[in-house]
Amino acid sequence: MKRNGIFFWIGAILFLAAALVMTQVIGNQYPFFAGYVILQFIVLAVAWSILGGYAGYVNFGTSAFFGMGVYTAVFLVKAVGAPLAVQIAAAAAVGALMGFALGLLTLRMRGIFFSIATIALTIIIETSITNWRYVGGAAGIQIQRPAVTEPFDNYVQMLFFVQALLVVLAVVISRYIQNSWIGRGLQALRDDELAAECTGVPTLRLKLLACVISGALMCAAGAPAAMYLQYADPASAFNLNYSVSVLAMSLIGGTAHWAGPIIGAILLATTQQLLTVTISSEVNVLVLGVMLVLFVVGAPEGIIGLIPRVHRNRKEGEA
Amino acid sequence: MFSFDLLLDAVVIGVLLGCFYAAVSLGLSISFGLLDVPHVAHPAFLVLASYAVFFLNEHYGVEPLVAGLLITPLFFLLGLAAYRLYYETFEKRGSDAGVRGIAFFFGIAFIIEVLIILQFGVDQRSVTATYVGKAWRLGDMRIPFRLLVAFAVAAALTILLTLYLSRTYMGRAIRAVAQDQEALRLMGANPVWIKQWAFGIATAVLGIAGALLIIVAPVEPTLDRTYIGRTFCVVVMAGLGSMSGTLVAAIILGVAETIVLTLFGASWAPAISFAMLLGVLAVRPQGLFGRRS
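These protein sequence lines are chains A and B, in that order. Mapping to this note's numbering: the first sequence position 309 is 309, numbers consecutive. Mapping to this note's numbering: the second sequence position 222 is 1222, numbers consecutive.
If you are wondering where the hints come from, they were derived from the structure by calculation, not from laboratory data. Cβ atoms here follow ideal geometry from the backbone N, Cα and C, with glycine treated the same way. Treat the hints loosely; a few may be bogus.
What the hints assert, rightly or not - Cross-link-like lysine to aspartate or glutamate pairs, in silico, DMTMM-like; alpha carbons within 20 Å at most: (1) B:K1092 x A:E301; (2) A:K78 x A:D233; (3) B:K1092 x B:E1182; (4) B:K1092 x A:D191; (5) B:K1134 x B:E1063.
Stated by the list, open to error - Covered stretches of chain B (chain A as the covering partner; in silico rule of three or more C-beta atoms under 8 Å from a C-beta of chain A): (6) 1099-1108; (7) 1111-1120; (8) 1228-1241; (9) 1259-1272.
Unchecked claim - Facing chain A, according to a computed beta carbon distance under 8 Å, are these residues of chain B, among others: (10) T1089; (11) A1275; (12) L1277; (13) L1278; (14) L1281; (15) A1282.
Assemble the whole structure, with the sequences as input and the hints as a guide.
Rendered as structure tokens:
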């Protein structure tokens, strides 16, 4: 366990160092444009799994949190010209509040009812933003990027590194949760909520905690997107495609281990980037849907689940 | 600005619209309400039916309602296949059907959406029929014929389905399987086959409902997202599996939507069904006519 921990931290530091070196060495902007999106989906998928994977609550409201992150940033830029760090911190706070509200509202809901409620929340928030003139309404709003800070010489490179930081933050939190009593409690309530409650697991507080953490991370991941696109409109910021992508990434990667969503997000987001460039964005959603259905039917535990199965099969073959 | 006439207008249109909402929700009332299948793809099937009707109407000039009837057997088979797949992969294995079952239907919904986009493009589509575009004048009130057609067909459909579930052998079996699957098995019936049949019926109804959908207003591939809210709002508000409740709940939704539309404008419309759904889930999860406590 201890050695595992050291390896993990070395890996995290190496990852950040590599991201930083990339921004200094590579002159071509495209890798950062594409890489940013992949990193963003890693954060979203890891955050989703905290509630969806450990606790088994299928959240279709990823786009609600993501969109709120975008619009928190938009609002702060327009109102006070806040810097990027403030935008992200504020988005995290908004996301935490939203997660708390979602948790309170859906305390009694299980399974499909919870999922439908999260879709409902998405549409309601989207409609409210659409009717809010100050942040552009349905037509959307243009945003000017401020000057870039040292040591970066391009704003997208900086966003790329910021998103890499968020990835590390999200993974550290997710890994901590999995290995602590919180994760065990969440898994217990996932398997049997009543039994968990009876054996003294504080299911209510754990669920709220998972909603808050997951929501804060998703919102924070959305905040830099305003500066990345230099534009925001409700229809794309709250697009349900975010929800289905993140759901697919987490389930395809596997939700039993913190590394699952990362594998799923890297795999799917990279495929999506390639498909969008080479074929079309419709085909990329189609591939996503087909892969989601295939994995859910054929490999219920995701890619992570396939690995121990290989080991087990090998052992059975020997015996 | 706001007047009594306007309100009356809104209520009349709302009731007609509500009956139409009942027609598109009946299938879900069976599949989700009675069979407990988390059928998030229901609205996607509905939009698919609309496009099938559009195709028949555009290329062969088939009357939309007739086209709806023509595709009904196909949708019945589609329903049988969909339930068999769902049963074999999730219900039979039993473990963790919740999370993955929902993801499964969500994935199916997205696949259908994209296939429609690839085939028909993202533009709005509508059908041609003699009653589309005309209206019935009643004093100052103007009631579109298309809404009246939808109202009549929807009412007939609701009555037929209610009779089917209460009077026929198979209909009673469907309600029995919803109440106690184990008891049915002990009596020598095959609950899986009955559920599969019920799912087929629920999907077949979508053939007609899809025709109504495209008669009432033009459709676009992503329309199913709005109808997730409407259909689930109606079914949950009705109380799971109640057919007459479905009609009442749908009328409540229809009237609420048209009133808000008149008062605040169309941009708020998509949120109404979802807000009502959230409200019902939070306050009275068993619905207005719930069969369970």
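Structure-based check of all given hints:
Between the alpha carbons of B:K1092 and A:E301 the distance comes to roughly 17 Å, so the proposed pair stays at or under 20 Å and holds. For the hint linking A:K78 to A:D233, the alpha-carbon distance of about 14 Å falls within 20 Å, and the restraint holds. Among the hinted pairs, B:K1092 with B:E1182 is consistent with the structure: their alpha-carbon atoms are about 14 Å apart, no more than 20 Å. With a C-alpha separation of about 18 Å, the suggested pairing of B:K1092 with A:D191 holds against the 20 Å cut-off.
Between B:K1134 and B:E1063 the CA atoms are separated by roughly 16 Å; this keeps the pair inside 20 Å, and the hint holds. Three residues within the 8 Å Cβ limit are the bar, and the region 1099-1108 of chain B against chain A gives 8, so the coverage statement holds. With a cut-off of 8 Å between beta carbons, the region 1111-1120 of chain B has 6 residues touching chain A; three or more are needed, and the interface restraint holds. For a cut-off of 8 Å, the count of residues in the region 1228-1241 of chain B with a CB near a CB of chain A stands at 4, and the three-residue condition holds.
Residues of the region 1259-1272 of chain B with a Cβ under 8 Å from some Cβ of chain A number 4, which satisfies the need for three, so the listed coverage holds. Interface hint at B:T1089: satisfied, since its Cβ lies 5 Å from the closest Cβ of chain A, which is below the 8 Å cut-off. Taking 8 Å as the C-beta contact cut-off toward chain A, the hint placing B:A1275 at the interface holds, the least distance being around 6 Å. A cut of 8 Å between beta carbons decides the hint on B:L1277: the least distance to chain A is about 5 Å, and the hint holds.
Restraint check, B:L1278 versus chain A: the minimum CB separation of about 5 Å is within 8 Å; hint holds. With a cut of 8 Å, the hint placing B:L1281 at the interface with chain A holds, because the nearest CB-to-CB distance is about 6 Å. At its closest, the beta carbon of B:A1282 sits 6 Å from a beta carbon of chain A; the interface hint therefore holds under the 8 Å criterion.
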